[in-house]
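Undergrad: Sequence:
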Amino acid sequence: MSQSKGNRPLRDQDKLSHLQNKSQLDSGFDEDQKKLFLDLMAGRPVDMDGYSDEVLAAEDYEGRNLLYRIIFQLKRKKKEKNDIVSPSILALVDRIVTIEPEILTQDIGNGTLLTEAADSRPDIFFRLLDLLLPDQLRTCLDISGNECDQNCSLAPFREHVLIQKYHRHRISPSSELDDKKVNDQDEMAKVTEIANDNEAACLHYEIDMDKVKKMDSRLRTVILGSPEKLRDCLRLLIRADNLDPGSNVTAPPVIPLQSFKRFLPLCASTTFESAVSEGLSPLQLAVQLFRESKVDYTHLFLIVESLVEISPTSIYFSAGDNAGRDKGKTAYRMLGELGLKTGVNEPVERKNSRLKAVELLKETCIGLPQEDLDKKLKYLYSDNEEGSKRIGLNLLSETERIDKDYVSKVRNRSKMHFETILASVRLPYWNPQHRTTFPLSIFEYQAGEITNTLAPAVDPYVGIFDWLRSRGVGKIFTVEVDDMGTEPHSNAAIRDCLRPEVSKGSYKDLNIEVFNWKKHDICSHTVLAAAPNAREVYLYSSGNTAVLRGWAHSSDFGQMKNLEKIYIKIYATNASDLKDCEDFKDDFKCALARNCMRLKKDDIEISLPDPQSSQDGGGMNESRAENDPIDDDDGFLVQNSLSPDDWINGLAHFKQFVQDMANKITDEKKRPTVRVAILDDGVSLRSLAGNDETGKSFRGDKVEYWVGSCSHGTQMMQCIRKLCPMAQLYIGRLDDSRQAEYQKFTTDSCARALEWAGREADIISMSWSFKKKGERRDEGEDKFNGLLKTISEGRDAVIFASLPDKGANANILEYLPVGHEKSGVIKIGSTNRFGAEAPENILAKRDFLLPGEEIEISPGEKEYGSSYATAFAAGLAALMLYCLKVHQALEEDYNDRKSPLALNLSNEDLVKRVKEARTLEGMKSILKVLSVKSATAQIPDKGFFLRPSVVLGKRFGDNDGQQISKLREICSKILPLGENIA
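Read the sequence shown against the numbering used here and you will find it ends at 999, with the numbers running on by one and no gaps.
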């Protein structure tokens with residue numbers, strides 16, 4: 018091209034001079050294509066209707082079309098922040114993709130046109146995706162014009178449809194009727210004008226719907242047919258430079274939020290729960306960008322939120338091996354560690370957005386209904402048991418009256434710390450003796466069908482929810498309350514529980530999402546007032562059709578903006594009411610759906626239990642029979658009995674002596690503790706002291722560890738307390754619901770509880786046994802067996818287990834935990850207080866014997882059991898370990914204060930002795946000495962009977978000097994310093 022033909026083409030050539038291939042325009046494009054290319058790259062306005070489909074879609078010698086050349090050019094061109102692709106280029110995108118959508122997924126070197134656009138020009142990428150019709154519009158296209166008499170279903174999508182120019186009278190500019198092009202353009206303008214003037218105008222007659230659907234189907238097939246390409250596109254989009262606002266903070270984001278949200282459902286669901294780049298999932302790629310310094314953090318949070326919305330379960334994905342420092346971490350942990358690393362120096366905008374993301378992930382985790390509670394806790398806290406908080410409250414199966422006094426005990430004794438968001442709160446009927454399923458008639462009340470000897474408790478659950486608020490709870494996903502009794506909560510109380518009004522028009526809303534307050538004929542306005550944001554509502558009817566009609570025609574449910582489902586259970590009290598309700602059921606659904614436009618008839622489920630059948634407890638308050646005998650060999654074996662005796666009382670002086678010595682340590686923070694885990698059926702609320710207990714439920718329904726009678730575990734706790742009142746107790750409630758296995762506790766809950774106790778406790782007490790499955794594979798048993806070995810060999814804690822008490826012919830090697838093949842436990846059998854062994858275990862191999870026979874519960878009634886002997890043994894071991902810890906801390910205190918009582922003993926040796934005492938062999942040595950035997954003696958099959966008061970004595974000195982000398986003597990006797998204990 019010569020200089021004489023003008024300067025403009027030369028300027029165009031200058032603009033293209035940085036191209037690697039300067040002969041790009043000579044690769045087969047004709048003159049029209051060259052001119053169009055130059056005009057588009059120069060940013061000049063272009064009349065796209067002036068070019069035929071053939072010109073726009075033609076390929077050059079290398080098989081590249083015009084759109085590819087433009088994207089390639091834009092990619093190689095130095096890209097300035099927030100530069101905007103010209104409307105003419107976007108119009109070209111529309112035309113070419115409409116002509117031949119298949120070009121989007123054709124291979125072009127290392128990718129496709131789709132991935133190239135996502136990589137270098139997200140604006141073009143999202144323009145391509147916006148050509149797909151929204152799902153709502155696709156549905157509307159199936160509605161014929163005569164069905165749009167008032168409001169055309171296409172009206173909301175007018176601009177989307179018209180931009181693609183699918184007009185019934187559209188004529189190709191390349192045809193012989195070119196002169197009609199202007200009229201066509203005028204007609205398009207006319208359609209737009211009509212629609213804009215009258216939003217109710219039907220566009221179905223102005224749009225060729227068949228052509229629209231055919232084109233959309235073709236484009237959708239192309240895009241959705243390449244899931245791996247869409248996966249690559251998502252990976253390429255989530256980059257820091259796409260979230261860097263540059264100097265122009267008011268410019269639109271490179272990743273438009275709504276377009277991004279429309280893109281995500283096109284990706285395969287597996288995309289979000291797998292690694293897409295360097296071991297990270299899409300969500301983790303986005304979370305990782307919070308580490309970048311030049312990012313619009315507010316917009317980044319919206320990207321994170323969109324990814325969580327499309328795949329909530331993707332939050333659980335752990336980064337792969339090639340993720341570097343993020344290996345094995347979830348997005349939640351990545352965000353938490355970023356906050357710890359930056360601390361107070363974190364920029365305010367990033368901190369606020371990051372904390373919003375943390376709260377989003379936490380809320381999503383807690384709110385996922387299909388995920389196990391233990392999985393949620395592990396996600397939130399990893400293995401940090403001490404820092405964990407509760408994400409639910411479950412008092413179902415409680416056998417005590419839940420009144421004001423009970424609530425006060427829960428507040429003061431349970432030591433419960435809650436997350437700000439709870440997955441559920443599940444409460445039984447507050448007075449279990451007077452629970453009913455069917456509403457009682459006035460005649461039943463008058464006839465004395467229900468009697469109440471205690472003063473009525475007025476709306477007791479207001480106190481429960483007030484307590485939760487005082488502990489920082491701000492949201493509860495599911496509230497499930499059994500209020501089926503003679504004294505249900507008032508409607509006002511229900512409102513005060515869940516959304517009390519603190520001032521005029523101001524509420525403390527717990528933001529309930531599933532409302533299941535099981536009260537007959539509850540007022541619909543109460544539901545609205547208590548849980549206006551609920552997604553699911555459960556209603557319970559007494560069979561009164563007047564109430565049902567009130568629900569059906571109420572406007573209250575229509576005001577619940579998030580309502581998705583209503584479940585109704587009708588408890589008719591007689592056959593006639595049942596028939597009336599059955600006849601009204603369909604009309605009820607129709608009326609309710611009319612008054613609540615968010616619901617369809619299928620969103621309303623109604624069930625009518627037969628009043629003649631057995632009463633339906635609703636599955637909410639089932640509790641096991643605490644003392645049911647189990648004769649099956651697979652059953653767990655426990656015994657229920659307890660009474661103090663002379664053997665225990667003989668240690669009273671020593672217990673007081675050790676406690677007095679602990680009080681001599683001047684720095685209270687250095688006073689030791691000893692931690693004992695009790696794995697059993699829980700501990701009753703009445704027996705909790707409140708300061709030295711913590712617990713965890715391993716039941717599948719997560720009923721709290723102190724709910725119900727918890728008779729056996731409570732007695733085991735009392736045994737341990739008798740011997741070591743200063744012990745800090747860890748109560749592990751095993752799954753005694755018997756819903757999974759026909760035995761006392763499920764093996765899976767035993768394994769999980771033992772794993773927890775192994776991390777927390779010095780001493781673990783298990784006063785039960787179960788028979789091994791033998792060749793029948795049981796994962797819970799295998800895990801439990803492995804943990805016994807791991808804890809013992811790791812010298813993490815000392816485990817005590819009771820003999821099975823199954824008779825002289827029983828082989829204890831067939832039972833766990835007492836029959837662990839590696840002897841990872843200390844096996845305990847029972848005797849009377851004089852040392853005579855129990856006949857049930859006379860041939861069983863055991864390590865030590867303690868009182869467990871002829872224990873008097875009440876006058877004239879004597880019981881027996883190795884379970885009590887085991888608890889006594891655990892308590893005694895805790896007392897001796899505490900004694901050694903007190904000695905170590907006191908010697909250190911004397912040295913620090915330069916006390917004349919100091920002996921300058923090696924603190925290192927004292928620490929080693931305490932560690933040795935926390936091992937299986939070390940504790941066995943101590944117990945041998947307390948059996949008046951040598952620490953190196955071999956334990957016979959029949960075991961040693963423990964006689965601690967004989968060894969420890971009753972006199973410990975009258976002054977500080979005598980007392981510390983006595984403590985040193987005792988500690989040296991039970992576990993000498995610096996010796997290799999066998």
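Watch out, some of these pointers could steer you wrong.
As the list claims (entries may be wrong) - In silico DSS-like cross-links for lysine-lysine, where the CA-CA straight-line distance does not exceed 25 Å:
(1) K915 with K929
(2) K983 with K672
(3) K790 with K806
(4) K51 with K92
(5) K915 with K983
(6) K392 with K536
(7) K525 with K421
(8) K929 with K862
(9) K932 with K672
(10) K681 with K839
(11) K395 with K432
(12) K681 with K395
(13) K278 with K395
(14) K393 with K421
(15) K681 with K230
(16) K596 with K578
(17) K929 with K959
(18) K92 with K52
(19) K839 with K983
(20) K392 with K373
(21) K915 with K687
(22) K492 with K536
(23) K687 with K228
(24) K358 with K344
(25) K406 with K393
(26) K915 with K686
(27) K426 with K373
(28) K311 with K228
(29) K525 with K586
(30) K672 with K686
(31) K929 with K392
(32) K806 with K395
(33) K406 with K358
(34) K492 with K421
(35) K368 with K406
(36) K932 with K806
(37) K432 with K344
(38) K492 with K393
(39) K525 with K596
(40) K932 with K959
Calculated from the structure, these hints are not laboratory results.
Keep in mind the model is a prediction, meaning the values are calculated, not measured.
Undergrad: Are the hints correct? Go through all of them and say.
TA: Evaluated hints:
no.	hint	verdict
1	K915 with K929	holds (23 Å)
2	K983 with K672	holds (14 Å)
3	K790 with K806	holds (18 Å)
4	K51 with K92	holds (19 Å)
5	K915 with K983	holds (20 Å)
6	K392 with K536	violated (32 Å)
7	K525 with K421	holds (22 Å)
8	K929 with K862	violated (31 Å)
9	K932 with K672	holds (21 Å)
10	K681 with K839	violated (41 Å)
11	K395 with K432	holds (20 Å)
12	K681 with K395	violated (40 Å)
13	K278 with K395	violated (30 Å)
14	K393 with K421	violated (32 Å)
15	K681 with K230	violated (87 Å)
16	K596 with K578	violated (33 Å)
17	K929 with K959	violated (31 Å)
18	K92 with K52	holds (20 Å)
19	K839 with K983	violated (37 Å)
20	K392 with K373	holds (22 Å)
21	K915 with K687	holds (17 Å)
22	K492 with K536	holds (22 Å)
23	K687 with K228	violated (82 Å)
24	K358 with K344	holds (17 Å)
25	K406 with K393	holds (11 Å)
26	K915 with K686	holds (19 Å)
27	K426 with K373	violated (35 Å)
28	K311 with K228	violated (46 Å)
29	K525 with K586	violated (29 Å)
30	K672 with K686	holds (21 Å)
31	K929 with K392	violated (37 Å)
32	K806 with K395	holds (23 Å)
33	K406 with K358	holds (23 Å)
34	K492 with K421	holds (23 Å)
35	K368 with K406	holds (23 Å)
36	K932 with K806	holds (18 Å)
37	K432 with K344	violated (35 Å)
38	K492 with K393	holds (16 Å)
39	K525 with K596	violated (42 Å)
40	K932 with K959	violated (28 Å)
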